[in-house]
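With the sequences and hints as input, model every part of the structure.
2 protein chains.
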Amino acid sequence: MLLSALKRFLIGQPLKSAELGEQKLNKTKALAILSSDALSSVAYGPEQILIVLVTISTVALWYSIPIGVGVLVLLLALILSYRQIIFAYPHGGGAYVVSKENLGVNAGLLAGGSLLVDYILTVAVSISAGTDAITSAFPQLHPYNVDIATLLVVAITILNLRGITESASILAYPVYLFILALFILIGAGLYKGMTGAVSPDMHPSLGTPVAGITLFLLLKAFASGSSALTGVEAISNAIPNFKDPGPNNASKTLAAMGLLLAILFSGIVYLAYAYGIAPKAQETVVSQIASQTFGRNYMYYFIQGTTAMILVLAANTGYSAFPLLAVNLARDKYIARMFTIRGDRLGYSNGIIFLSIMSIILIIAFKGRTEHLIPLYAVGVFIPFTLAQTGMLVKWVREKPKGWLVKLTINLIGALISFTVMLIFFITKLGQVWPVFIFLPLIVYTFHRIKRHYEAVGEQLRITTCEPAVPIEGNVMIVPVAGITHVVENSLNYAKSLSPDQIIAVYVAFDRDTEKQFQEKWADWQPDVRLVTLHSHYRSIIQPLTKFIDTVEHKAKESNFRVTVVIPQFIPKKSWQHALHNQSSLLIRAFLLYRKDLIVTTVPYHLKK
Amino acid sequence: MLLSALKRFLIGQPLKSAELGEQKLNKTKALAILSSDALSSVAYGPEQILIVLVTISTVALWYSIPIGVGVLVLLLALILSYRQIIFAYPHGGGAYVVSKENLGVNAGLLAGGSLLVDYILTVAVSISAGTDAITSAFPQLHPYNVDIATLLVVAITILNLRGITESASILAYPVYLFILALFILIGAGLYKGMTGAVSPDMHPSLGTPVAGITLFLLLKAFASGSSALTGVEAISNAIPNFKDPGPNNASKTLAAMGLLLAILFSGIVYLAYAYGIAPKAQETVVSQIASQTFGRNYMYYFIQGTTAMILVLAANTGYSAFPLLAVNLARDKYIARMFTIRGDRLGYSNGIIFLSIMSIILIIAFKGRTEHLIPLYAVGVFIPFTLAQTGMLVKWVREKPKGWLVKLTINLIGALISFTVMLIFFITKLGQVWPVFIFLPLIVYTFHRIKRHYEAVGEQLRITTCEPAVPIEGNVMIVPVAGITHVVENSLNYAKSLSPDQIIAVYVAFDRDTEKQFQEKWADWQPDVRLVTLHSHYRSIIQPLTKFIDTVEHKAKESNFRVTVVIPQFIPKKSWQHALHNQSSLLIRAFLLYRKDLIVTTVPYHLKK
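Sequence order for the protein chains is A and B. To convert, take the position in the first sequence, counting from 1, and add 3; that gives my numbering. To convert, take the position in the second sequence, counting from 1, and add 3; that gives my numbering.
In case anyone wonders, no lab produced these hints; they're calculated from the structure. Do not rely on the hints blindly, as some may be mistaken.
One copy or two, either will do: identical chains are not told apart, so a pair holds if it fits within one copy or between any two.
As the list claims (entries may be wrong) - Here are the simulated SDA-like cross-link-like pairs (lysine to any residue), alpha carbons at most 25 Å apart as the crow flies: (1) K499 x K558; (2) K10 x V76; (3) K519 x V555; (4) K577 x I344; (5) K519 x R533; (6) K10 x D335; (7) K550 x S562; (8) K612 x R452; (9) K560 x I545; (10) K524 x S543; (11) K195 x D335; (12) K611 x A472; (13) K499 x L596; (14) K612 x E286; (15) K560 x P575; (16) K454 x P575; (17) K611 x D335; (18) K370 x T153; (19) K19 x Y147; (20) K577 x M361; (21) K19 x Q520; (22) K576 x L590.
Below is the structure:
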């Protein structure tokens with residue numbers, strides 16, 4: 004009762020299935036909830052480029068401008084091609100569905116598997132990053148990093164269990180505040196530049212020759228910068244969460260997200276270049292830009308605060324996309340069916356809870372230091388990116404719809420760039436990225452195992468298979484008894500009322516005296532019920548009992564009799580009292596049910612005090 | 004299978020009940036196993052006295068001699084009076100039984116409760132102390148203190164689960180090595196003193212006047228020194244573990260333990276005085292004595308090593324005494340009956356496991372720093388000491404056996420000193436000792452609650468109560484069905500074979516279409532079985548189902564029909580596959596059994612692949 008009241012308080016009253024429509028998102032809320040991952044990467048994406056370039060010299064930092072342009076091209080290609088995916092697959096599922104339908108099952112499972120893992124990594128990485136931002140501001144909280152991160156995951160989980168519209172309403176403010184904050188920052192920075200407050204001496208001019216620059220290094224910088232594009236695919240997975248017409252609304256939201264991401268990304272890259280900012284271990288690039296633009300005044304703290312918030316909220320994108328992707332995989336029987344069940348508030352609560360548990364495990368296992376999971380996470384995004392674009396390519400070639408050459412070109416460019424980025428990741432960061440070669444095959448293998456199991460079950464249960472049921476010619480009932488009590492009486496009366504062909508009471512004795520005594524008492528009390536006494540040398544009840552039941556069952560099978568074990572169980576009034584009684588009946592029940600082909604009947608006797 | 008093989012490997016093959024006699028202890032082993040707690044206190048008891056005295060001045064250290072004599076008197080009184088208890092109560096139970104029989108139930112429960120808690124503290128405190136000794140020798144292990152302590156508890160638990168004779172055989176060596184080590188130390192120290200190698204200038208002469216000494220301080224030093232006597236009562240609890248004749252063997256073992264304890268204690272106290280040793284934070288008194296006697300050679304390390312071992316093994320006394328005390332309390336129905344069950348190797352495994360879990364919890368909760376539990380632990384010993392002696396007093400006055408005046412005098416002295424020590428603890432260390440005022444009443448209250456519950460249950464189950472069983476006039480069977488499958492067919496056939504008065508199949512639908520479809524299919528498939536379809540707005544199966552069952556049950560009760568819920572359950576071949584299926588039948592079963600007065604029958608359908 005207490006637990007259920009607590010659940011109601013945290014999650015809210017259950018919703019009727021018919022209220023599903025009301026739980027759908029309009030574009031403003033969807034943008035907030037589904038793009039927080041992509042937008043938050045602006046806070047670290049540009050920095051990743053600079054970190055690679057600065058290893059040569061600060062002069063090399065001007066390369067961030069052409070590399071930034073490259074990232075924007077990739078962004079454009081991804082947005083356009085995911086727009087095509089949204090219309091082609093209006094029921095969502097994104098990379099998984101696209102790859103499965105066009106490239107075959109294994110490609111689909113590869114895409115689906117990497118995305119599932121990726122959303123878990125999204126949650127763990129972004130919550131850890133957000134926690135770091137918080138504890139950097141309040142260093143006395145630093146020892147509690149893992150606890151704070153775990154609490155944040157729990158809080159986001161509760162919000163998501165309350166339902167997506169409700170969480171969207173709460174989470175939209177910080178996202179839009181972050182966008183506002185960065186717009187102000189970029190606007191103020193550009194204004195400063197135009198009024199001449201930023202001298203050209205602060206940065207190397209574009210095209211300055213740089214000694215020691217290599218293509219490898221530039222590609223590495225480009226790949227690092229592309230990590231700002233993680234999260235772009237989330238909208239295509241989550242179309243079912245949009246208000247009707249889903250695909251239209253989703254594509255408009257995608258366009259808005261692309262535009263915002265492009266503006267914020269180029270703004271930050273440009274300002275970092277203009278101010279000649281080099282990455283520092285103790286201060287983020289965004290923080291440097293903000294303090295150069297405003298000094299450390301309230302605007303600076305506004306920007307830092309909203310950045311910390313968006314990093315935490317990026318996790319929420321995982322919460323929106325993971326359960327829907329899981330539903331798609333579960334409907335195809337590649338993962339457990341429970342992921343298709345809607346919870347009290349119509350969200351797919353099993354997916355939400357699974358995601359939380361996995362990410363909490365990651366946070367605890369890595370003690371909140373999940374930064375070195377980032378390359379793994381980025382490569383896990385570009386695998387499905389590449390597969391999805393290639394899938395679309397194949398689709399256009401196969402179907403050749405009106406204007407297919409344009410569509411083909413878009414997806415071709417997307418596929419080529421995604422593939423290149425993926426390759427660069429594998430080449431330049433193999434040391435951090437190798438685990439995908441182990442866990443992706445493992446995941447795909449598990450998917451197949453699960454599917455095979457579901458299909459075998461379905462086949463065995465289907466009533467059309469011709470194997471006729473074994474007819475039941477009679478019933479034997481075995482009643483294990485522990486004494487001469489009302490509980491036993493109650494069970495015996497029940498067994499008698501069903502008039503089986505035979506009732507056998509079984510008593511397990513630990514020594515000969517008790518055995519004899521019991522037999523005598525029984526003969527007085529229930530002379531018409533056959534009593535079998537068993538002797539236990541090792542003080543175990545289950546062992547002699549199952550041995551006896553085996554014998555009975557063996558005989559019964561010969562004449563098509565069914566064996567039912569009738570277990571007398573008394574049930575105390577209060578639950579703490581259970582601990583005071585041997586749970587032998589529980590053990591017997593579990594043991595018999597799973598190991599043997601027996602019917603187990605529990606006859607409860609409720610105590611009144 | 005794997006688990007049970009692991010269990011066999013760790014614990015050994017199960018023993019027959021008839022082999023109980025072979026599991027009993029001879030005196031040598033019993034001394035080792037039951038006196039390790041008392042003997043180990045020699046390693047810290049004398050130090051406790053010096054720590055109090057040195058707060059005045061180093062001159063005051065000579066008072067350790069008269070205080071030591073006082074402790075020896077108390078030891079003598081305790082040994083003599085526990086000897087009397089052993090013969091008066093040859094079945095063991097010690098302070099609990101003595102107090103209960105002579106002073107009333109509550110006194111007994113107070114004694115029993117404090118001893119139970121005390122044995123848990125013994126294990127936690129001595130394992131922590133032993134771990135400290137180990138990690139002092141290997142400082143690089145220091146961060147793993149809690150892990151090492153936990154592992155040690157687990158190791159001792161496994162030894163004890165293997166059976167007491169086996170653990171005694173292994174654990175006897177270190178105990179006797181420790182005794183040997185201290186004998187050599189004391190012998191060498193005395194020899195040095197006699198050969199004049201110890202100058203009288205090293206220590207103040209006895210009787211030197213000391214400024215600022217108070218009675219309060221001396222009493223505090225005495226009480227602290229008395230903590231060396233914890234563990235003296237263990238033998239009286241454990242008489243059933245002795246080879247026949249138990250009481251004789253136990254009393255001889257007790258005498259041997261008393262003698263050893265007296266020699267070791269006085270030796271250490273005297274040498275500490277003779278060398279003029281003051282307690283140091285970084286080095287124990289025994290270590291100081293050893294290094295002054297031998298220098299830091301191999302003998303020094305032999306003494307230090309065996310001391311560390313005996314500290315760990317002191318825990319084992321708790322393992323011998325706790326389960327036997329628990330059996331006594333459980334037989335009287337004050338704690339759960341499970342404590343009376345002998346495990347595979349004839350030890351009371353539930354008591355052993357409970358003790359381990361509780362002490363691991365304490366170790367983890369206090370992060371291995373359990374020193375400040377020592378006063379609590381000491382006071383928890385002197386409460387039952389006092390009660391037991393007072394109980395014996397009352398017994399002698401009441402029964403007046405031959406020579407009762409001598410016996411009375413012994414117990415009177417014991418009771419008075421124990422009571423005084425207890426009072427001193429309360430007065431001088433109230434800040435550390437106050438929790439007993441909360442948890443002891445709580446424990447006694449719980450004991451009574453449990454007893455009342457067992458008595459109520461017994462009364463309700465006893466067949467002699469005149470309430471006649473309600474006759475069963477007929478049976479209704481409800482079969483929840485989830486589809487048209489072999490599993491359902493199997494259950495329906497079973498229900499039919501018992502020919503109840505009515506069979507009702509119940510189907511819970513989430514929307515109207517499925518509901519209608521199912522009704523049609525059912526009418527084709529099982530036209531003779533009545534189908535009831537229920538509609539669930541909130542996607543819950545249990546809620547509408549229980550509501551329906553309630554209605555049926557209500558009607559059935561009017562005409563004395565019994566309601567059986569027949570649950571079809573298919574059982575996958577491998578256990579990992581369970582996770583892939585909704586565990587609704589499990590939930591339904593648990594829910595129905597505990598909340599309602601229904602009979603629950605599970606009909607398994609075992610999948611073949």
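Hints, one by one, checked against the model:
1. K499 x K558: both (21 Å within a copy, 22 Å between copies)
2. K10 x V76: Cα proximity of K10 and V76: none, with 47 Å in one copy and 62 Å across.
3. K519 x V555: Classified as within; 23 Å inside a copy, 43 Å across copies.
4. K577 x I344: Between. Shortest inter-copy distance 24 Å satisfies the 25 Å Cα cut-off; intra-copy 33 Å does not.
5. K519 x R533: within (15 Å within a copy, 48 Å between copies)
6. K10 x D335: Neither: 31 Å inside a copy, 41 Å across copies.
7. K550 x S562: Within one copy only: 20 Å inside a chain, 39 Å across chains, cut-off 25 Å.
8. K612 x R452: between (50 Å within a copy, 12 Å between copies)
9. K560 x I545: within (21 Å within a copy, 34 Å between copies)
10. K524 x S543: within (23 Å within a copy, 48 Å between copies)
11. K195 x D335: neither (56 Å within a copy, 87 Å between copies)
12. K611 x A472: Result: close only across copies, 15 Å inter versus 43 Å intra.
13. K499 x L596: Cα proximity of K499 and L596: in one copy and across copies (22 Å, 21 Å).
14. K612 x E286: The answer is neither: 67 Å in one copy and 59 Å across copies each exceed 25 Å.
15. K560 x P575: between (37 Å within a copy, 21 Å between copies)
16. K454 x P575: between (43 Å within a copy, 14 Å between copies)
17. K611 x D335: Between. Shortest inter-copy distance 23 Å satisfies the 25 Å Cα cut-off; intra-copy 50 Å does not.
18. K370 x T153: Result: close both inside a copy and across copies, 11 Å intra and 22 Å inter.
19. K19 x Y147: Intra 40 Å, inter 53 Å, cutoff 25 Å: neither.
20. K577 x M361: Answer is between; shortest inter-copy Cα gap is 24 Å, intra-copy 35 Å.
21. K19 x Q520: Close across copies (21 Å), not inside one copy (60 Å); limit 25 Å.
22. K576 x L590: both (20 Å within a copy, 20 Å between copies)
Of the numbered hints given earlier, the model fails hints 2, 6, 11, 14 and 19; all others are met.
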